[in-house]
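Visitor: Chain by chain, the residues run as shown.
2 protein chains.
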Amino acid sequence: MDVKIQLKEADIPKQWYNLAADLPNPLQPPLGPDGKPITPEMLAPVFPMNIIEQEVSTQRWIDIPEEILDILYQWRPAPLRRAMRLEKYLKTPAKIFYKDESVSPPGSHKPNTAVAQVYYNKVFGIEKITTETGAGQWGSALAYACSQFGIECKVYMVRISFDQKPFRKLMMQVWDAKCVASPSEDTEFGRKILKEMPDTPGSLGIAISEAVEDAVKDETGKTRYSLGSVLNHVMLHQTIMGLEAKKQLKMVGIDKPDIVIGCAGGGSNFAGLAFPFAADKINGADIEIIPVEPTACPTMTRGEFAYDYGDTACMTPLMAMHTLGHAFVPAPIHAGGLRYHGMAPLVCQGIVEGLFKPRSLHQLKCYEAAILWAKTEGFICAPETSHAIATVIDEAVKAKEEGKEKVIIFSYSGHGLMDLTGYDAYLSGKLTDYELPEEDLNKSTSVLKDLPKPQIKKTGKW
Amino acid sequence: MDVKIQLKEADIPKQWYNLAADLPNPLQPPLGPDGKPITPEMLAPVFPMNIIEQEVSTQRWIDIPEEILDILYQWRPAPLRRAMRLEKYLKTPAKIFYKDESVSPPGSHKPNTAVAQVYYNKVFGIEKITTETGAGQWGSALAYACSQFGIECKVYMVRISFDQKPFRKLMMQVWDAKCVASPSEDTEFGRKILKEMPDTPGSLGIAISEAVEDAVKDETGKTRYSLGSVLNHVMLHQTIMGLEAKKQLKMVGIDKPDIVIGCAGGGSNFAGLAFPFAADKINGADIEIIPVEPTACPTMTRGEFAYDYGDTACMTPLMAMHTLGHAFVPAPIHAGGLRYHGMAPLVCQGIVEGLFKPRSLHQLKCYEAAILWAKTEGFICAPETSHAIATVIDEAVKAKEEGKEKVIIFSYSGHGLMDLTGYDAYLSGKLTDYELPEEDLNKSTSVLKDLPKPQIKKTGKW
Numbered sequence: 011m012d013v014k015i016q017l018k019e020a021d022i023p024k025q026w027y028n029l030a031a032d033l034p035n036p037l038q039p040p041l042g043p044d045g046k047p048i049t050p051e052m053l054a055p056v057f058p059m060n061i062i063e064q065e066v067s068t069q070r071w072i073d074i075p076e077e078i079l080d081i082l083y084q085w086r087p088a089p090l091r092r093a094m095r096l097e098k099y100l101k102t103p104a105k106i107f108y109k110d111e112s113v114s115p116p117g118s119h120k121p122n123t124a125v126a127q128v129y130y131n132k133v134f135g136i137e138k139i140t141t142e143t144g145a146g147q148w149g150s151a152l153a154y155a156c157s158q159f160g161i162e163c164k165v166y167m168v169r170i171s172f173d174q175k176p177f178r179k180l181m182m183q184v185w186d187a188k189c190v191a192s193p194s195e196d197t198e199f200g201r202k203i204l205k206e207m208p209d210t211p212g213s214l215g216i217a218i219s220e221a222v223e224d225a226v227k228d229e230t231g232k233t234r235y236s237l238g239s240v241l242n243h244v245m246l247h248q249t250i251m252g253l254e255a256k257k258q259l260k261m262v263g264i265d266k267p268d269i270v271i272g273c274a275g276g277g278s279n280f281a282g283l284a285f286p287f288a289a290d291k292i293n294g295a296d297i298e299i300i301p302v303e304p305t306a307c308p309t310m311t312r313g314e315f316a317y318d319y320g321d322t323a324c325m326t327p328l329m330a331m332h333t334l335g336h337a338f339v340p341a342p343i344h345a346g347g348l349r350y351h352g353m354a355p356l357v358c359q360g361i362v363e364g365l366f367k368p369r370s371l372h373q374l375k376c377y378e379a380a381i382l383w384a385k386t387e388g389f390i391c392a393p394e395t396s397h398a399i400a401t402v403i404d405e406a407v408k409a410k411e412e413g414k415e416k417v418i419i420f421s422y423s424g425h426g427l428m429d430l431t432g433y434d435a436y437l438s439g440k441l442t443d444y445e446l447p448e449e450d451l452n453k454s455t456s457v458l459k460d461l462p463k464p465q466i467k468k469t470g471k472w
Numbered sequence: 011m012d013v014k015i016q017l018k019e020a021d022i023p024k025q026w027y028n029l030a031a032d033l034p035n036p037l038q039p040p041l042g043p044d045g046k047p048i049t050p051e052m053l054a055p056v057f058p059m060n061i062i063e064q065e066v067s068t069q070r071w072i073d074i075p076e077e078i079l080d081i082l083y084q085w086r087p088a089p090l091r092r093a094m095r096l097e098k099y100l101k102t103p104a105k106i107f108y109k110d111e112s113v114s115p116p117g118s119h120k121p122n123t124a125v126a127q128v129y130y131n132k133v134f135g136i137e138k139i140t141t142e143t144g145a146g147q148w149g150s151a152l153a154y155a156c157s158q159f160g161i162e163c164k165v166y167m168v169r170i171s172f173d174q175k176p177f178r179k180l181m182m183q184v185w186d187a188k189c190v191a192s193p194s195e196d197t198e199f200g201r202k203i204l205k206e207m208p209d210t211p212g213s214l215g216i217a218i219s220e221a222v223e224d225a226v227k228d229e230t231g232k233t234r235y236s237l238g239s240v241l242n243h244v245m246l247h248q249t250i251m252g253l254e255a256k257k258q259l260k261m262v263g264i265d266k267p268d269i270v271i272g273c274a275g276g277g278s279n280f281a282g283l284a285f286p287f288a289a290d291k292i293n294g295a296d297i298e299i300i301p302v303e304p305t306a307c308p309t310m311t312r313g314e315f316a317y318d319y320g321d322t323a324c325m326t327p328l329m330a331m332h333t334l335g336h337a338f339v340p341a342p343i344h345a346g347g348l349r350y351h352g353m354a355p356l357v358c359q360g361i362v363e364g365l366f367k368p369r370s371l372h373q374l375k376c377y378e379a380a381i382l383w384a385k386t387e388g389f390i391c392a393p394e395t396s397h398a399i400a401t402v403i404d405e406a407v408k409a410k411e412e413g414k415e416k417v418i419i420f421s422y423s424g425h426g427l428m429d430l431t432g433y434d435a436y437l438s439g440k441l442t443d444y445e446l447p448e449e450d451l452n453k454s455t456s457v458l459k460d461l462p463k464p465q466i467k468k469t470g471k472w
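So the sequences go chain by chain: A and B. Letter by letter, the first sequence follows residues 11 to 472 in the numbering used here. Letter by letter, the second sequence follows residues 11 to 472 in the numbering used here.
Bear in mind the hints are in silico, worked out from the structure with no lab data behind them. Predicted, not measured: the structure shown is a model, and the values here were computed from it. Please note: incorrect hints may appear among the correct ones.
Same chains, same label: a pair holds when it works inside one copy or across any pair of copies.
Straight-line C-alpha distance at most 30 Å; calculated BS3-like pairs for lysine-lysine [as the list claims (entries may be wrong)]:
{"id": "1", "residue 1": "K467", "residue 2": "K440"}
{"id": "2", "residue 1": "K101", "residue 2": "K138"}
{"id": "3", "residue 1": "K24", "residue 2": "K260"}
{"id": "4", "residue 1": "K138", "residue 2": "K385"}
{"id": "5", "residue 1": "K416", "residue 2": "K18"}
{"id": "6", "residue 1": "K257", "residue 2": "K18"}
{"id": "7", "residue 1": "K367", "residue 2": "K468"}
{"id": "8", "residue 1": "K468", "residue 2": "K46"}
{"id": "9", "residue 1": "K266", "residue 2": "K440"}
{"id": "10", "residue 1": "K18", "residue 2": "K101"}
{"id": "11", "residue 1": "K18", "residue 2": "K260"}
{"id": "12", "residue 1": "K18", "residue 2": "K266"}
{"id": "13", "residue 1": "K46", "residue 2": "K414"}
{"id": "14", "residue 1": "K98", "residue 2": "K138"}
{"id": "15", "residue 1": "K257", "residue 2": "K367"}
{"id": "16", "residue 1": "K188", "residue 2": "K375"}
{"id": "17", "residue 1": "K232", "residue 2": "K188"}
{"id": "18", "residue 1": "K471", "residue 2": "K410"}
{"id": "19", "residue 1": "K138", "residue 2": "K257"}
{"id": "20", "residue 1": "K453", "residue 2": "K46"}
{"id": "21", "residue 1": "K24", "residue 2": "K132"}
{"id": "22", "residue 1": "K471", "residue 2": "K98"}
{"id": "23", "residue 1": "K375", "residue 2": "K385"}
{"id": "24", "residue 1": "K453", "residue 2": "K468"}
Based on the provided sequences and hints, a complete structural model is requested.
Guide: Here it is in structure tokens:
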């Protein structure tokens, strides 16, 4: 078996898969400030209507426009790879496959949705797109996509990443985007936060608030906001990962994997690989599906499933999701892309339904796994990705103990070439593990008590 | 036609191609300090004997051991890609293909020889390998290869790159190598240079001297030196690029390219793609083959074809090559991998024979080409690679003017994700072009006048 399993362009999926069509309970609707479901029109100042239509769609399959595929071909179909040298090192009977999303121009899975979103904005007549970014993966992905379509791009980057990862900012500039540290002086909300907490490392929640403000306050009406994770349409665009992977597994005679693993910050990387397999699980296939998060930001494993705002300034609709409370500011761990207080509603409802079984891991264990990866598979992974790799190693060792030839597949969400300061901190012994104290958790989730509660009847099927 | 043309592992070349077997004049031998050809035994303290045998071989085809292929499969066969969006932007009838060497774990073509060299050292019983690195591409490639075989690695990195590219140093550390700035305090020669020129930006010549000294002074006999370019065995290992590319062109029905282009610092990237096509040219095929260098370090276009040392301290054998003189210290342009006073003897003799037609380019034009590349093809290239891209654009525009459907192929030697400070300097207007003044050239080549002269009868065939 070749290390790389390659699809031809002709075999690229021509439709995205929408999990909302198949969830046992209907997806809980986003709510407005009055507690009532919001209407598409209410989102119109923030997103173009063609994207809003995708956001609320319950259609199972949605066509991918040819213009989007034309750009995706720059790196897609992405290879499915087998981690044979890691398998050999672990002496495991498990077969380990990974969907390599690091091969895109910005080096992560993020452009799968960036390209789609910029296309829909352009078709809708939008000329400028604003966004926030955590680790910089999303900001550079949107900058890249905007450059391919000739659209203006403004990125609010969480300050701690802006400082730790200057190269991501330079990438955005090569693709002609403007990138500022958030909180910034460019928005009212940013100025307010800076006044209250001048030394804040920032957070995704704060940066989202700034980017949304920038978009909705443009009086020409030609600016919209773009979100790189969390929302339904983002999950949708990412499913090309899992749809490709299913075809690639079939190419090597594998009908279904036993275990699917992905790291989850806002949820889109996990969802992209997992949702097409979740569809099989809903139809009866025996598949364990595991989203992994850092112990320092334990949204899925310790947060509440509740209605909460997506941002710190409470400007977004209320979404039914696992959350640590919208005012939560995570500890400055190096996996910046996993530092978010909430999680994609589609992923969360899948957790509530029992489709997905989340785990959390400490960062030292994850870096240890990343170093082992570099020494066996050769490549240097993103710190976010290392959470998936550490879980894969756990499962491969378990398969060895049980003597089972399990098929494990995970999402290799990005390379770590822009994240070497984190490796440096780890290798020089400067990193520590951090577990959120119970009292801090209680405090940060206390903001949820006066908000509406989601109404889901647990099926308990899985 | 797919953007990516993929070979299966089963179709990877099983032998390297040795141009020394086919050059019209026999390759000029390296000379010792006495002016007489050196013997393999004289190189034994520096390189293991199995590599020395390859260095002096005139056998046309040399088998690639399975153990080397097993590691190369981590990224090889590398894709041949078609730059369709650049073609469209340029409105050229030319078809532009590029051999994508950026997909390796260290992000360049360098591991093609690093993996081979570390394998041969290991088989020979060597436990530690020393080397120098310019831009850091080679150092990280050797660090990577050593990590895959469990061999100790020490890298002397040219100070200007060490300072400009801290992330390359961190990459080497992830792969467990020790990396120091050269000139360093770790060798006699380094200490001498630091005393004379404490502020020197360093040079590849100085770093080579340090790495060789480190290897030959190890009394256990278990340390050897490794060179990432220039030497015959390095060119040999790189030919897998061109051999794969020929198969890939055939897959899309192209019998031969019209133009082959590669950037050349020490020559290995250019040679890797070009030599297999040069074999066809020797046999009568009409192919224009163009190595490209920076105007600031014009080895091939303005240097003398002469016997010269490969390093600044005059520790290496004398090699017949184009050279700017072994004491030449290039201006600090950002394409660090192209800052070398000499050039691979095999490439140079090919130039003398008329097989290759070198060009030089200014760096501003190259960065301009790199930005256009990022906006059309999406990917961010290494500054070295931009020299090839700028030449490709020149040739594609020429093909348009001539109305000819030429096939152009070039080597995409590496990505630029570790080189964003150079882009930053360019985008903020801090870079300038530099042309070596005639009097400086004369001064730097004056060291050649007392050295032996190569004896080549020009065939003038091409």
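Visitor: Given a CA cutoff of 30 Å, do K46 and K414 count as a within-copy pair, a between-copy pair, both, or neither?
Guide: neither (50 Å within a copy, 65 Å between copies)
Visitor: Checking an output row: K266 and K440, CA cutoff 30 Å. Within, between, both or neither?
Guide: Result: close neither inside a copy nor across copies, 41 Å intra and 55 Å inter.
Visitor: With identical chains treated as interchangeable, where does the CA-CA distance between K188 and K375 reach 30 Å or less: within a copy, between copies, both, or neither?
Guide: between (36 Å within a copy, 24 Å between copies)
Visitor: Have a look at K138 and K257 and pick one of within, between, both or neither, based on CA distance no larger than 30 Å.
Guide: Answer is neither; intra-copy 36 Å and inter-copy 44 Å both fail.
Visitor: Treating 30 Å as the Cα threshold, decide for K98 and K138: within, between, both or neither.
Guide: between (49 Å within a copy, 25 Å between copies)
Visitor: How would you label the pair K18, K266 (within, between, both, or neither) given a Cα cut-off of 30 Å?
Guide: both (21 Å within a copy, 24 Å between copies)
Visitor: Have a look at K24 and K260 and pick one of within, between, both or neither, based on CA distance no larger than 30 Å.
Guide: both (17 Å within a copy, 29 Å between copies)
Visitor: Given identical chains, is K101 near K138, meaning Cα to Cα at most 30 Å, within a copy, between copies, both, or neither?
Guide: between (52 Å within a copy, 27 Å between copies)
Visitor: Are the CA atoms of K367 and K468 at most 30 Å apart within a copy, between copies, both, or neither?
Guide: Cα proximity of K367 and K468: one copy only (15 Å, versus 72 Å across).
Visitor: Which holds for K257 with K367 at a C-alpha limit of 30 Å: within a copy, between copies, both or neither?
Guide: within (24 Å within a copy, 46 Å between copies)
Visitor: Is it within, between, both or neither when you check K453 against K468 at 30 Å Cα-Cα?
Guide: within (27 Å within a copy, 83 Å between copies)
Visitor: Evaluate K416 and K18 at a C-alpha cut-off of 30 Å and name the case that applies: within, between, both or neither.
Guide: both (27 Å within a copy, 26 Å between copies)
Of the numbered hints listed earlier, those contradicted by the structure are 1, 9, 13, 19, 22.
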